[in-house]
Structure formats: structure tokens, C-alpha cells
Amino acid sequence: MEIYKAVTIMLVEDDPGDQKLIKTSLREQKITNMPLVFNCGEDALAYLQKIKEEQALMPDLILLDLNMPGMGGREFLRLIKSDNILEVVPVVILTTSDADRDILESFRLQAAGYIKKPVNLPDFQEVIQKLSDYWFTVCKRVVHDPAREYSESFTCR
Amino acid sequence: MRESMKGEYMENKLIKVLLIENDSADQVLVKNALMNCGYNVDLKMVPNAEYALKYLQKTLDNPAKFPRPGLILLDLNMLGLGGKGFLKEIKASEDFESIPIVVLSSSDQQNDVDECYKLHAAGYIHKMASLKEYNSVFETIVQYWYPVSSVI
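Residue numbers (my numbering), protein chains in the order written: chain A, 1 to 157; chain B, 1001 to 1152.
Be aware that one or more of the hints could be misleading.
[Claimed, not checked] Listed below are the simulated PhoX-like cross-link pairs for lysine-lysine, each with C-alpha atoms no more than 25 Å apart in a straight line:
1. B:K1031 <-> A:K117
2. A:K130 <-> B:K1031
3. A:K130 <-> A:K140
4. A:K117 <-> A:K50
5. B:K1088 <-> B:K1132
6. A:K23 <-> B:K1132
7. B:K1065 <-> A:K140
8. B:K1016 <-> A:K140
9. B:K1118 <-> B:K1088
10. B:K1013 <-> A:K117
11. A:K81 <-> B:K1031
12. B:K1084 <-> A:K50
13. B:K1088 <-> A:K116
14. B:K1132 <-> B:K1031
15. A:K81 <-> A:K30
16. A:K140 <-> B:K1058
17. A:K140 <-> B:K1054
18. A:K23 <-> B:K1016
19. A:K116 <-> B:K1013
20. B:K1084 <-> A:K140
21. B:K1031 <-> A:K5
22. A:K130 <-> B:K1088
23. A:K20 <-> A:K140
24. B:K1084 <-> A:K81
25. A:K81 <-> B:K1118
26. B:K1132 <-> B:K1091
27. B:K1118 <-> A:K5
Since the hints were derived computationally from the structure, they do not count as laboratory data. Note that the structure is a prediction, hence the values are computed from the model and not measured.
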């Protein structure tokens, strides 16, 4: 039996080859064998809106490609980070571009990491492992328990 | 194998870190962990959020003398503006909003964690006691952030 981490990862990526590399890396590094995969920002956003309405479990981390048809990664990131509920979810950019302009713009929009896509599987596994070490070993994260409200609700009046 | 890899990282793998920490024991622990993490860390330490804001202002006025940090490590519990006040201020500032802020806190209260992510912290580290843990934790943090830190 394979043991995976108790985390939900959303992958927003339009390239089938990259989807496969990322899914394989997540599985082989024992992080998750069932990421939520979306081909475009529009579909991922619709799914997140539905989760919000139904108060279902939010993903623990979003891996986001920048260059996709339609709204693209930047607009998706901007919408997530200006949404009162969705903004707590860390969004890590995973892209072929390492242009300074793309990196800076992503962090201005409050990305929580930026990874240039490696070209082969071993390198992909290495960056996914580092990502996992940071987010799932070292960092404490938001607990997405639907029964729980965000911290403002704890304020005593 | 591991040592030779660390040797490679040293070449130009410079990361500029601003540590905001008022506890002198924690300052020493974090400093030592960063110095031993296998990267070339340019560390600037300030004891509170107010000094940090003053320092960041100087990075705009005189970047040659006061280099802009590519990563901010922020203690949560400080007098004055405090960690959360600092987070709010930086993330509302056009000049500095792009700099990732990783919170270091002795609190593992879930509402502190949630609130920091809501303020767009880029990580939340629960301060731990042992030195060995410190070293590996800070190695992981630097490994994750250094590739982009010179750009932001």
C-alpha cells in the first residue's frame, strides 16, 4: 500500500505533457496520487467557487501555470488573492518562463513560490520534493475544516 | 555527495534576508542556522517592525549601501506595530508587496496561522527548540526561496 500525505493539491496546467510529469512527480515523491487537475483558469475558478458555496474542503496548495489560453495564470492568481475566502490558499507558479518580469509580477500578485519547470522527470521530482519539504514538512498551514470559521469570527465582543 | 552539492550552491547563490526578531536568543539561533545552511546568506537583523520599515525605506533611498532583501523572516510577537501590523503594512505597499514574508512564531495557535496566510504571508514556521531542527528547517526555507530572491 502506498502512503501519501494528507494534502489536496490543485494543478492548473494546460499542457498534457507537463500535467503528466507533475502528476508522476507528486505520486512518486509520495505527496498525492490524486491532484485536482484543471486545463484552464476558468474551470479551476468555477470549481473553487463551488467549493466555497458548498463549504467543502479547499485545496492546501495550488500549482499554477502562467501561460494558458483564456484568462491565464496571472488573472487567475489576481482573482484568488482578491477573494476573501480563497486568498489563504498558497499559489505556487510553475512555468517555463524565468523572465524577471514574470517572477516580479507573480510576487506582486502574492504568489507563494515560483518554480521554473525543469525539462526532465528526475529534475521535476527534485523541485517537487523541495516544494513538498517547504509546504508540508516545515510550514504550518491553514486547516480547511468546513466547520471552522476564519480567525475574525473568534474575536470576542 | 551532499558536501559537494553544497559547494556548488555557494557559487553566487546569494540570498539577502531581513530578519525581524526581538528575542536575542532566537536571533542567534536563526543567524547560526542561516550561516550553516550551505548558501551565501547576506543577513540583516533588526529588533522590531518599526526598525524594519526604516530599513526598507533606506533600501529605496540608497540601495548600494542598504540592499533590498529577497526574503523577510518575521517574528510575530513583538511590541509596537508587531508582526501582523508589519505584514499588513508591507503587503499594502507598492514598493515592497512583492517581497515574500515568512512568519516565525512561537505560537502554534491555528487562528494565528490562518490570520497570517490571510495577510499573504508566504509561509509560517513554528519556532522549535532544538538546534538540529533549526538548521534543517532554515536550509529548507533558503533552498525554496533563493532561486527567485534576487529578482523580487
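Okay, the hints, checked on the actual structure:
About 31 Å separates the Cα atoms of K1031 (chain B) and K117 (chain A), which puts this hinted pair outside 25 Å; it is violated. The straight-line distance between the Cα atoms of K130 (chain A) and K1031 (chain B) is roughly 22 Å, inside the 25 Å bound, and the hint therefore holds. Under the criterion of a C-alpha separation no larger than 25 Å, the hint pairing K130 (chain A) with K140 (chain A) is consistent with the structure, at around 16 Å. At most 25 Å may separate the alpha-carbon atoms for a hinted pair to count; K117 (chain A) and K50 (chain A) exceed this at roughly 30 Å.
A distance of roughly 32 Å separates the Cα atoms of K1088 (chain B) and K1132 (chain B); the hinted pair therefore is violated under the 25 Å criterion. Pair hint K23 (chain A) plus K1132 (chain B) does not hold up; C-alpha atoms about 33 Å apart against a cutoff of 25 Å. A distance of roughly 35 Å separates the Cα atoms of K1065 (chain B) and K140 (chain A); the hinted pair therefore is violated under the 25 Å criterion. The hinted pair formed by K1016 (chain B) and K140 (chain A) meets the criterion: a straight-line CA distance of about 23 Å does not exceed 25 Å.
For the hint pairing K1118 (chain B) with K1088 (chain B), the CA-to-CA distance comes to about 10 Å; that is within 25 Å, so the pair holds. Among the hinted pairs, K1013 (chain B) with K117 (chain A) is consistent with the structure: their alpha-carbon atoms are about 19 Å apart, no more than 25 Å. Between K81 (chain A) and K1031 (chain B) the CA atoms are separated by roughly 32 Å; this puts the pair beyond 25 Å, and the hint is violated. With a C-alpha separation of about 31 Å, the suggested pair K1084 (chain B) and K50 (chain A) falls outside the 25 Å cut-off, and the hint is violated.
This hinted pair does not check out: K1088 (chain B) and K116 (chain A) have alpha carbons roughly 29 Å apart, beyond 25 Å. Of the supplied pair hints, the one linking K1132 (chain B) and K1031 (chain B) holds, its CA atoms being roughly 14 Å apart against a limit of 25 Å. Using a Cα cut-off of 25 Å, the hinted pair K81 (chain A) and K30 (chain A) is violated, with the two alpha carbons roughly 29 Å apart. Between K140 (chain A) and K1058 (chain B) the CA atoms are separated by roughly 32 Å; this puts the pair beyond 25 Å, and the hint is violated.
Between K140 (chain A) and K1054 (chain B) the alpha-carbon distance is near 29 Å, which puts this suggested pair outside the 25 Å criterion. Only pairs whose Cα atoms come within 25 Å are accepted, and K23 (chain A) paired with K1016 (chain B) is rejected, the gap being roughly 33 Å. Restraint check: the Cα-Cα separation between K116 (chain A) and K1013 (chain B) comes to about 16 Å, which is no more than 25 Å; the hinted pair holds. Taking the CA atoms of K1084 (chain B) and K140 (chain A), the gap is near 16 Å; set against the 25 Å cutoff, the hint holds.
A C-alpha spacing of about 31 Å is found between K1031 (chain B) and K5 (chain A), which places the hinted pair above 25 Å, so the restraint is violated. A C-alpha spacing of about 28 Å is found between K130 (chain A) and K1088 (chain B), which places the hinted pair above 25 Å, so the restraint is violated. Only pairs whose Cα atoms come within 25 Å are accepted, and K20 (chain A) paired with K140 (chain A) is rejected, the gap being roughly 28 Å. Our distance criterion of 25 Å between C-alpha atoms is met by K1084 (chain B) and K81 (chain A), whose separation comes to about 18 Å.
This hinted pair checks out: K81 (chain A) and K1118 (chain B) have alpha carbons roughly 9 Å apart, not beyond 25 Å. Restraint check: the Cα-Cα separation between K1132 (chain B) and K1091 (chain B) comes to about 32 Å, which exceeds 25 Å; the hinted pair is violated. At most 25 Å may separate the alpha-carbon atoms for a hinted pair to count; K1118 (chain B) and K5 (chain A) meet this at roughly 24 Å.
Taken one by one, the earlier hints fail for this structure at numbers 1, 4, 5, 6, 7, 11, 12, 13, 15, 16, 17, 18, 21, 22, 23, 26, listed in ascending order.
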